[in-house]
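Participant: Spelled out, the chains give:
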Amino acid sequence: MANLKVPVAPADHSIGDEHAPVTLVEYGDYQCPHCAHAHPIVNALRKHFGKQLRFVFRNFPLTEIHSYAEAAAEAAEFAAAEGHFWEMHDGIFEHQNRLGVPLLKELATKIGLSSAKLDAALESHEYLDRIKSDFMGGVRSGVNGTPTFFINGVRHDGSPEFDDLAEAINSQTLKTDRKRAG
Amino acid sequence: MSTILAPGTSAPDFTLPVTPDQNLSLRDLRGQPVVTAFYPADWSPVCGDQMALYNEIHSEFQKYKAEVLGISVDGSWCHAAFAKDRHLHFPLLADFEPKGAVAKAYGAYREKEGFCERALFVIDEDGVIVWSYCSPIGVNPGADGILEALENLKETRQSHGQPESSSRAS
Numbered sequence: 679m680a681n682l683k684v685p686v687a688p689a690d691h692s693i694g695d696e697h698a699p700v701t702l703v704e705y706g707d708y709q710c711p712h713c714a715h716a717h718p719i720v721n722a723l724r725k726h727f728g729k730q731l732r733f734v735f736r737n738f739p740l741t742e743i744h745s746y747a748e749a750a751a752e753a754a755e756f757a758a759a760e761g762h763f764w765e766m767h768d769g770i771f772e773h774q775n776r777l778g779v780p781l782l783k784e785l786a787t788k789i790g791l792s793s794a795k796l797d798a799a800l801e802s803h804e805y806l807d808r809i810k811s812d813f814m815g816g817v818r819s820g821v822n823g824t825p826t827f828f829i830n831g832v833r834h835d836g837s838p839e840f841d842d843l844a845e846a847i848n849s850q851t852l853k854t855d856r857k858r859a860g
Numbered sequence: 334m335s336t337i338l339a340p341g342t343s344a345p346d347f348t349l350p351v352t353p354d355q356n357l358s359l360r361d362l363r364g365q366p367v368v369t370a371f372y373p374a375d376w377s378p379v380c381g382d383q384m385a386l387y388n389e390i391h392s393e394f395q396k397y398k399a400e401v402l403g404i405s406v407d408g409s410w411c412h413a414a415f416a417k418d419r420h421l422h423f424p425l426l427a428d429f430e431p432k433g434a435v436a437k438a439y440g441a442y443r444e445k446e447g448f449c450e451r452a453l454f455v456i457d458e459d460g461v462i463v464w465s466y467c468s469p470i471g472v473n474p475g476a477d478g479i480l481e482a483l484e485n486l487k488e489t490r491q492s493h494g495q496p497e498s499s500s501r502a503s
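Protein chains in written order, with our numbering: chain B, 679 to 860; chain U, 334 to 503.
Think of the hints as simulated: they come from the structure by calculation, not from any bench. A hint or two may mislead.
[Unchecked claim] Distance windows between CB atoms, simulated:
| # | chain 1 | residue 1 | chain 2 | residue 2 | range |
| --- | --- | --- | --- | --- | --- |
| 1 | B | 778 | U | 417 | 16 to 26 Å |
| 2 | B | 793 | U | 461 | 49 to 59 Å |
| 3 | B | 854 | U | 447 | 20 to 30 Å |
| 4 | U | 422 | B | 712 | 46 to 56 Å |
| 5 | U | 345 | B | 712 | 48 to 58 Å |
| 6 | U | 342 | B | 712 | 56 to 66 Å |
| 7 | B | 854 | U | 374 | 36 to 46 Å |
| 8 | U | 437 | B | 768 | 16 to 26 Å |
[Said to hold, decoys possible] Every beta carbon over 10 Å from chain U, so not counted as near; a handful from chain B, in silico:
| # | residue |
| --- | --- |
| 9 | 680 |
| 10 | 729 |
| 11 | 740 |
| 12 | 742 |
| 13 | 743 |
| 14 | 790 |
| 15 | 820 |
Note that CB positions come from ideal geometry on N, CA and C, so glycine has one too.
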């Protein structure tokens, strides 16, 4: 069974209660259609589980098959450095059909960030090291494609659809409840 | 699930088409670690299928001087089209005729379906299997096991006092 080798840390992009009993980690690629499909599912899970669930996104761009995946990840990291990771993250997935540098710049402007600064960050690959480090941590943890989910550190080998993920998350919250009760 | 060859077994040699007009033999790669990745079929419908993943981390494998070989029962023209489409940087071998013969020799063939298991083998410089793993057919095994095996291989070699390139025949 594959386990998350890089524990969730403050440097991660995380949303939801940090003391939540369940942490869902996704390794994703902004150009992957399956990740775009998973995006509203993750949002629905967050809504469904509320304070029970924390979500963490890590980069896993497959650059050989997705020519804009790396630039998109760099744009999200650029936005993160300015405190706007999730807006960029959502914007990219919601407009994945138009993914390209013009879209990334348009999103930056919409969020209130400088598209010139984004251009410079893309040009200098300012955030590439972090992305590569996410990627290799994923490989070492048994990430085998995108999206790959880990629920409380264990790779989810079931389907990445709502019902399957919700069931797996549920069994983790029950475990925590039992521990608290016992 | 098939019973694949276990660590300690000498890796059966094979010669398979690597392009429509070229063959590659396992023995030609003696002196460097070899990763053989058997997989069911080209054109898997998921992003980041097994081959795409190995492609993405090809530079990591190169750090160990390891050669990665993808093997399936697809023909060499099919492999060529697939490799071109996915920009693959490592060879795909066609275990096409007689169908699945090499996979069978490694215990990695599914008779009923007529294609390879998702089976991984790490073979050392001397042609001995040092690690093997067969994944459930629907689960891409990823690369963590391979990298760990290559790491162990490197450590063993170093602890025996052999410089990395000493066993390389040229």
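Participant: Is it true that residue 345/U and residue 712/B lie within 48 to 58 Å of each other by Cβ?
Facilitator: violated (36 Å)
Participant: Please check whether residue 793/B and residue 461/U have a Cβ separation lying inside 49 to 59 Å.
Facilitator: holds (56 Å)
Participant: Was residue 740/B rightly flagged as not at the interface, with every chain U Cβ beyond 10 Å?
Facilitator: violated (5 Å)
Participant: Minimum Cβ separation between residue 820/B and chain U greater than 10 Å?
Facilitator: violated (4 Å)
Participant: When you take the CB atoms of residue 437/U and residue 768/B, is the distance between them in 16 to 26 Å?
Facilitator: violated (49 Å)
Participant: Taking the beta carbons of residue 778/B and residue 417/U, is their distance inside 16 to 26 Å?
Facilitator: About 23 Å separates the Cβ atoms of residue 778/B and residue 417/U, which means 16 to 26 Å holds.
Participant: Checking the smallest CB distance to chain U, is residue 729/B really beyond 10 Å?
Facilitator: Non-interface label on residue 729/B holds, nearest chain U Cβ at 32 Å vs cutoff 10 Å.
Participant: Could one say that the CB atoms of residue 854/B and residue 374/U fall in the range 36 to 46 Å?
Facilitator: Roughly 41 Å apart at Cβ, these two residues keep to the hinted range, so it holds.
Participant: Mind verifying the non-interface call on residue 680/B? Its CB should be farther than 10 Å from each CB in chain U.
Facilitator: violated (7 Å)
Participant: Would residue 742/B pass as off the interface with chain U, using Cβ distances and a cut of 10 Å?
Facilitator: violated (5 Å)
Participant: Would you check whether the claim that residue 790/B is not at the interface survives, using Cβ distances to chain U and the 10 Å cut-off?
Facilitator: holds (32 Å)
Participant: Does the Cβ pair residue 342/U, residue 712/B satisfy 56 to 66 Å?
Facilitator: For residue 712/B against residue 342/U, whose Cβ atoms are near 37 Å apart, the range 56 to 66 Å is violated.
Taken one by one, the earlier hints fail for this structure at numbers 3, 4, 5, 6, 8, 9, 11, 12, 13 and 15, listed in ascending order.
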